[in-house]
Amino acid sequence: MAEQMKVIYERPKSWANKVTHYCPGCTHGVAHRLIAELVDEMGLMDKTIGVWPVGCSVLGYDYFNFDSVEAAHGRAPAMATGIKVTNPDNFVFAYQGDGDLASIGMAEIVHAAARGWPITVIFINNGNYGMTGGQMAPTTLLGQKTTTSPLGRTPQTNGFPIRVAEMLAQLDGPAYIARVSLDSPVNIRKAKSAMRKAFNAQVRGIGFSLVECLSTCPTNWRLTPVESMERVRKEVMPYFPLGEFKVVEGVL
Amino acid sequence: MERVSIDEQRCKSCGLCISVCPVKILIISDRLNARGFRPAQCTDQDKCTSCGSCALVCPDVAIELYREVKA
Numbered sequence: 001m002a003e004q005m006k007v008i009y010e011r012p013k014s015w016a017n018k019v020t021h022y023c024p025g026c027t028h029g030v031a032h033r034l035i036a037e038l039v040d041e042m043g044l045m046d047k048t049i050g051v052w053p054v055g056c057s058v059l060g061y062d063y064f065n066f067d068s069v070e071a072a073h074g075r076a077p078a079m080a081t082g083i084k085v086t087n088p089d090n091f092v093f094a095y096q097g098d099g100d101l102a103s104i105g106m107a108e109i110v111h112a113a114a115r116g117w118p119i120t121v122i123f124i125n126n127g128n129y130g131m132t133g134g135q136m137a138p139t140t141l142l143g144q145k146t147t148t149s150p151l152g153r154t155p156q157t158n159g160f161p162i163r164v165a166e167m168l169a170q171l172d173g174p175a176y177i178a179r180v181s182l183d184s185p186v187n188i189r190k191a192k193s194a195m196r197k198a199f200n201a202q203v204r205g206i207g208f209s210l211v212e213c214l215s216t217c218p219t220n221w222r223l224t225p226v227e228s229m230e231r232v233r234k235e236v237m238p239y240f241p242l243g244e245f246k247v248v249e250g251v252l
Numbered sequence: 253m254e255r256v257s258i259d260e261q262r263c264k265s266c267g268l269c270i271s272v273c274p275v276k277i278l279i280i281s282d283r284l285n286a287r288g289f290r291p292a293q294c295t296d297q298d299k300c301t302s303c304g305s306c307a308l309v310c311p312d313v314a315i316e317l318y319r320e321v322k323a
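Protein chains in written order, with the working numbering: chain A, 1 to 252; chain F, 253 to 323.
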């Protein structure tokens, strides 16, 4: 008789059976997988619409079995708002990197958060523009060397990094704002729990939700994937503390 | 049937699963997959505790985990 096997972990059903284009060790794949797992677990696959940004995750629409659209650079929250307004029964999320959300798309995200429409934004903070070759982003840490700050970012010439989650949490519109990290199994579990609350904020019609994910960019940081995870813990987390910055009643 | 099932064609040899495995049974193999990466492999299926850490950190959704059901 064949041995009975219990499933501990299997690929999510909403994850398309494709190999991603991301560099080895890039945590975009982890964030994608968490979205796919939650869409499966919350039974949202038939009504999910993903809005994808410009950046490394520009081809994200290819990796899921639910519907997706591609937004202009930085305009994913505006597009997601439009889709949600015209299709209020659909589950709409925007997925953005830090160059997309915190730089060119800063106006869109601030006004989307201020309007407080029930959309969900997954924000990937890896401290540089990964797709174009590691240029300095608004979230690049002080002293961090990038291709456009070769001597390290200085406040005199480049200004200070922007803490997006804290900034948006000051507004009255958002229902749920959190910062999580994708650096270790325990933090990935917490990240999934935060994303579930963010998804709930929309499914229950409470309001705007955003989860900022501290991510790695091993290729442009010139580190191995394992060293990149250590850098997130040692250098990035002290400047970008983890936590929930805004939780409106009913999200949990 | 194996407890740790690694899809070698998806694996990009990043080594994150190896760094988080509490029982240290994962290694980078010495063969190449179709994309030119050396995939991770499990050296001792019986030692796997099904903690799920490797599947949780794998950015390429290459790892699936199973466990025998006790009769």
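Since the hints were made in silico from the structure, they are not lab data. Check the hints yourself; a few may be wrong.
Residues from chain A shown here face chain F by an in silico Cβ test under 10 Å; the list is partial [as the list claims (entries may be wrong)]: (1) Val7; (2) Thr27; (3) Val30; (4) Ala36; (5) Leu59; (6) Tyr61; (7) Asn65; (8) Gly143; (9) Lys145; (10) Lys197; (11) Gly205; (12) Ile206; (13) Thr224; (14) Met229.
Predicted, not measured: the structure shown is a model, and the values here were computed from it. The beta carbon of each residue, even a glycine, is placed where N, CA and C say it ideally should be.
Verification of the hints:
1. Annotation: A:Val7 was flagged as interfacial toward chain F, and the flag holds, the nearest CB pair being 6 Å apart, inside 10 Å.
2. A hinted interface residue such as A:Thr27 counts as satisfied when its beta carbon comes closer than 10 Å to some beta carbon of chain F; here the least separation is about 6 Å, so the hint holds.
3. Evaluation of the A:Val30 hint against chain F yields a held restraint, the C-beta minimum of about 5 Å falling below 10 Å.
4. The interface hint given for A:Ala36 is met, as the beta carbon of that residue sits about 8 Å from the closest beta carbon of chain F, less than 10 Å.
5. A least Cβ separation of about 14 Å between A:Leu59 and chain F goes past the 10 Å threshold, and the interface hint is therefore violated.
6. For A:Tyr61, the interface hint is violated, the least distance from its beta-carbon to any beta-carbon of chain F being 16 Å, above 10 Å.
7. For A:Asn65, the interface hint is violated, the least distance from its beta-carbon to any beta-carbon of chain F being 13 Å, above 10 Å.
8. Restraint check, A:Gly143 versus chain F: the minimum CB separation of about 26 Å is more than 10 Å; hint violated.
9. A hinted interface residue such as A:Lys145 counts as satisfied when its beta carbon comes closer than 10 Å to some beta carbon of chain F; here the least separation is about 22 Å, so the hint is violated.
10. For A:Lys197, the suggested interface contact is broken, since its CB lies about 19 Å from the closest CB of chain F, more than 10 Å.
11. Checking A:Gly205 against chain F by beta carbon gives a least distance of about 31 Å; that is not within 10 Å, so the hint is violated.
12. Because the beta carbon of A:Ile206 sits about 28 Å from the nearest beta carbon in chain F, more than 10 Å, this interface hint is broken.
13. Taking 10 Å as the C-beta cut-off, the interface hint given for A:Thr224 holds, the closest approach to chain F being about 7 Å.
14. Of the supplied interface hints, the one on A:Met229 holds, with its beta-carbon coming within about 7 Å of a beta-carbon of chain F, less than 10 Å.
Of the numbered hints stated above, those contradicted by the structure are hints 5, 6, 7, 8, 9, 10, 11, 12, listed in ascending order.
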